[in-house]
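Number of protein chains: 4
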Amino acid sequence: MSSWIPANAGFADAVRASFARQSMMATLSAEIVHLAPGEVDLAAPFAAQFGQQNGFWHAGAVASLADSANGYAAFTLAAAGTDVLAVEFKINLLAPAVGDRFVACGRVVRPGRTLTVCQADVFADSAAGEGAARESTRKLVATMSSTLIVRRQMVDRLTADDRSR
Amino acid sequence: MSSWIPANAGFADAVRASFARQSMMATLSAEIVHLAPGEVDLAAPFAAQFGQQNGFWHAGAVASLADSANGYAAFTLAAAGTDVLAVEFKINLLAPAVGDRFVACGRVVRPGRTLTVCQADVFADSAAGEGAARESTRKLVATMSSTLIVRRQMVDRLTADDRSR
Amino acid sequence: MSSWIPANAGFADAVRASFARQSMMATLSAEIVHLAPGEVDLAAPFAAQFGQQNGFWHAGAVASLADSANGYAAFTLAAAGTDVLAVEFKINLLAPAVGDRFVACGRVVRPGRTLTVCQADVFADSAAGEGAARESTRKLVATMSSTLIVRRQMVDRLTADDRSR
Amino acid sequence: MSSWIPANAGFADAVRASFARQSMMATLSAEIVHLAPGEVDLAAPFAAQFGQQNGFWHAGAVASLADSANGYAAFTLAAAGTDVLAVEFKINLLAPAVGDRFVACGRVVRPGRTLTVCQADVFADSAAGEGAARESTRKLVATMSSTLIVRRQMVDRLTADDRSR
Numbered sequence: 001m002s003s004w005i006p007a008n009a010g011f012a013d014a015v016r017a018s019f020a021r022q023s024m025m026a027t028l029s030a031e032i033v034h035l036a037p038g039e040v041d042l043a044a045p046f047a048a049q050f051g052q053q054n055g056f057w058h059a060g061a062v063a064s065l066a067d068s069a070n071g072y073a074a075f076t077l078a079a080a081g082t083d084v085l086a087v088e089f090k091i092n093l094l095a096p097a098v099g100d101r102f103v104a105c106g107r108v109v110r111p112g113r114t115l116t117v118c119q120a121d122v123f124a125d126s127a128a129g130e131g132a133a134r135e136s137t138r139k140l141v142a143t144m145s146s147t148l149i150v151r152r153q154m155v156d157r158l159t160a161d162d163r164s165r
Numbered sequence: 001m002s003s004w005i006p007a008n009a010g011f012a013d014a015v016r017a018s019f020a021r022q023s024m025m026a027t028l029s030a031e032i033v034h035l036a037p038g039e040v041d042l043a044a045p046f047a048a049q050f051g052q053q054n055g056f057w058h059a060g061a062v063a064s065l066a067d068s069a070n071g072y073a074a075f076t077l078a079a080a081g082t083d084v085l086a087v088e089f090k091i092n093l094l095a096p097a098v099g100d101r102f103v104a105c106g107r108v109v110r111p112g113r114t115l116t117v118c119q120a121d122v123f124a125d126s127a128a129g130e131g132a133a134r135e136s137t138r139k140l141v142a143t144m145s146s147t148l149i150v151r152r153q154m155v156d157r158l159t160a161d162d163r164s165r
Numbered sequence: 001m002s003s004w005i006p007a008n009a010g011f012a013d014a015v016r017a018s019f020a021r022q023s024m025m026a027t028l029s030a031e032i033v034h035l036a037p038g039e040v041d042l043a044a045p046f047a048a049q050f051g052q053q054n055g056f057w058h059a060g061a062v063a064s065l066a067d068s069a070n071g072y073a074a075f076t077l078a079a080a081g082t083d084v085l086a087v088e089f090k091i092n093l094l095a096p097a098v099g100d101r102f103v104a105c106g107r108v109v110r111p112g113r114t115l116t117v118c119q120a121d122v123f124a125d126s127a128a129g130e131g132a133a134r135e136s137t138r139k140l141v142a143t144m145s146s147t148l149i150v151r152r153q154m155v156d157r158l159t160a161d162d163r164s165r
Numbered sequence: 001m002s003s004w005i006p007a008n009a010g011f012a013d014a015v016r017a018s019f020a021r022q023s024m025m026a027t028l029s030a031e032i033v034h035l036a037p038g039e040v041d042l043a044a045p046f047a048a049q050f051g052q053q054n055g056f057w058h059a060g061a062v063a064s065l066a067d068s069a070n071g072y073a074a075f076t077l078a079a080a081g082t083d084v085l086a087v088e089f090k091i092n093l094l095a096p097a098v099g100d101r102f103v104a105c106g107r108v109v110r111p112g113r114t115l116t117v118c119q120a121d122v123f124a125d126s127a128a129g130e131g132a133a134r135e136s137t138r139k140l141v142a143t144m145s146s147t148l149i150v151r152r153q154m155v156d157r158l159t160a161d162d163r164s165r
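Protein chains in written order, with the numbering used here: chain A, 1 to 165; chain B, 1 to 165; chain C, 1 to 165; chain D, 1 to 165.
In short, the hints are calculated from the structure, not lab data. In this text, a Cβ means the ideal position worked out from N, Cα and C, and glycines have one as well. Hints may contain errors.
[As the list claims (entries may be wrong)] Straight-line Cα separation of at most 20 angstroms, SDA-like style, residue types lysine to any residue; simulated pairs:
(1) A:Lys139 x A:Asp121
(2) D:Lys139 x B:Arg107
(3) A:Lys139 x C:Trp4
(4) C:Lys139 x A:Ile5
[What the hints assert, rightly or not] Among the chain C residues that face chain B by a calculated CB cut under 7 angstroms, a handful are:
(5) Val87
(6) Glu88
(7) Lys90
(8) Thr147
Can you build the whole structure from these sequences, using the hints too?
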């Protein structure tokens, strides 16, 4: 489906290795459920410890999942030996983040050697009913646009030179 | 310092009660360190379980703290019996989120009966040196702008009517 | 294609009447090239007086077209007698805004009685070659997400009550 | 007031020369009213041809002024021989853009060798009364955050390499 051509033949392993280092993803019990050039879907079960005042998932938890989905979508197209960091993102919260699990679908909108722009949709999946009547519903709860920077090495956000200013 | 006049004389208690219900804030070990009309500062210690691939705090953890700071800054000016929910936010990630603790300073830019706009700066505080030579440095790591909606009751994001569409 | 059901049977006339009052659209020589429930495409020819320092279209000109496309997409689903105003938007500038004409395609992502979220893509169309060999190319130059508020009457941005604060 | 140290001693001339090439600024009758390291204020008179449906300034016109203010604020700190282009911006529209003139105050939040983040406030100035009783009021109508990229030469947005993908 994706028409992007990865620069790094080992992109899938690179994504999985980096994802395994993100302790936030482990904390959220998130996993990679789809991985293709320019496309990464992450899923996490609802868990009560990431709630806001009404018990819905906190916008920051939703944003964590979407930010990583966009980051890894960008990373699928990055050259070997690089790292990808978010420069900025904006999230629109469309509906209460409540459900059995959340799925963030990150997609590359425009790749670049320096900057990549991605878009993620976050869905809440809920199951209802019993046995044969059991049905699952999916609802769009948030949408995020992100700008990501591709760096030669695994360094701090923006540039190392920037830090010395 | 703040020139905003709260509509709810019990705003401080209302903020503290709502904050205590946000399980995400407890998960981050966040606390309220400043509370005034239109102004809320939240602080959280660095903790390794909210990291990204390089060990810095994940952008979603930084965003959680800033989103709640902006939300409670807006809530200080809301009428009694209302709830405040983020409609959207945008965060610029300015420097690696690394330090001993993070402080998100949420400020109301423009209050409204329906929509309120807030701005938050997130700082990383780090201490270095020993004894009398111990010094603390503060670095700006992110800035967030948020749009929040004030609702009459504690209901889902956006409107209850919206959900029936 | 659109699955949205308009609340106002006269939505097309309402959009056209409002569009005709936007002097900025006349200044840009913009026109409505697609109009359906939840969908509005606006097109404008490249014109040299809206340039930035390199002669490309200024980001503000691109944003004008996208903001109106999103606003009118939202307006197609609004009740009769209402007005729609942008609360905020974010635009990612993906490529130089250069071409023969620009087309902004605004789409409703989530409609609401109070707030509607839209997404617009802006394309640059360019023609090359002569006669039978003439070909047109389309390039994505920007993407915008917008939050819009639906108001009962034609009033100022946000609420009239807000202004009295 | 500004604590930024410009990398280009001729920054003021560089800003004025680039500003003079932005035909959009001439179209809006905008002028530079403040110029210092990391700080640029642009002003433009209200003009009816840039209106939205209620006669207020179109959000795109407000965004044009703020985008250029942020761009030139970033440009004051850029090295000689570079160009600055907006990668993205987000604008919150806080009040109707109506008044005698608009002033966009762009400020650098964080400069970088590659990316710079700026923040702009846009005010509407209005005069009322006659003679000695004449008073001017200033109202905040919008706030914008921008990410800008500094390029070695005057080239297209993002990278020239990017375009070849």
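Against the structure, the hints:
Between Lys139 (chain A) and Asp121 (chain A), the direct Cα distance comes to roughly 10 angstroms. Compliance with the 20 angstroms bound is thereby established for this hinted pair. Between Lys139 (chain D) and Arg107 (chain B) the alpha-carbon distance is near 18 angstroms, which keeps this suggested pair within the 20 angstroms criterion. With a C-alpha separation of about 16 angstroms, the suggested pair Lys139 (chain A) and Trp4 (chain C) falls inside the 20 angstroms cut-off, and the hint holds. Between the alpha carbons of Lys139 (chain C) and Ile5 (chain A) the distance comes to roughly 18 angstroms, so the proposed pair stays at or under 20 angstroms and holds.
Because the smallest distance between the Cβ of Val87 (chain C) and any Cβ of chain B comes to about 6 angstroms, under 7 angstroms, the interface hint for this residue holds. Among the interface hints, the one on Glu88 (chain C) holds; its C-beta lies about 6 angstroms from the nearest C-beta in chain B, closer than the 7 angstroms criterion. Because the smallest distance between the Cβ of Lys90 (chain C) and any Cβ of chain B comes to about 6 angstroms, under 7 angstroms, the interface hint for this residue holds. Below 7 angstroms, beta-carbon pairs count as interface contacts, and Thr147 (chain C) has one with chain B at about 6 angstroms; its hint therefore holds.
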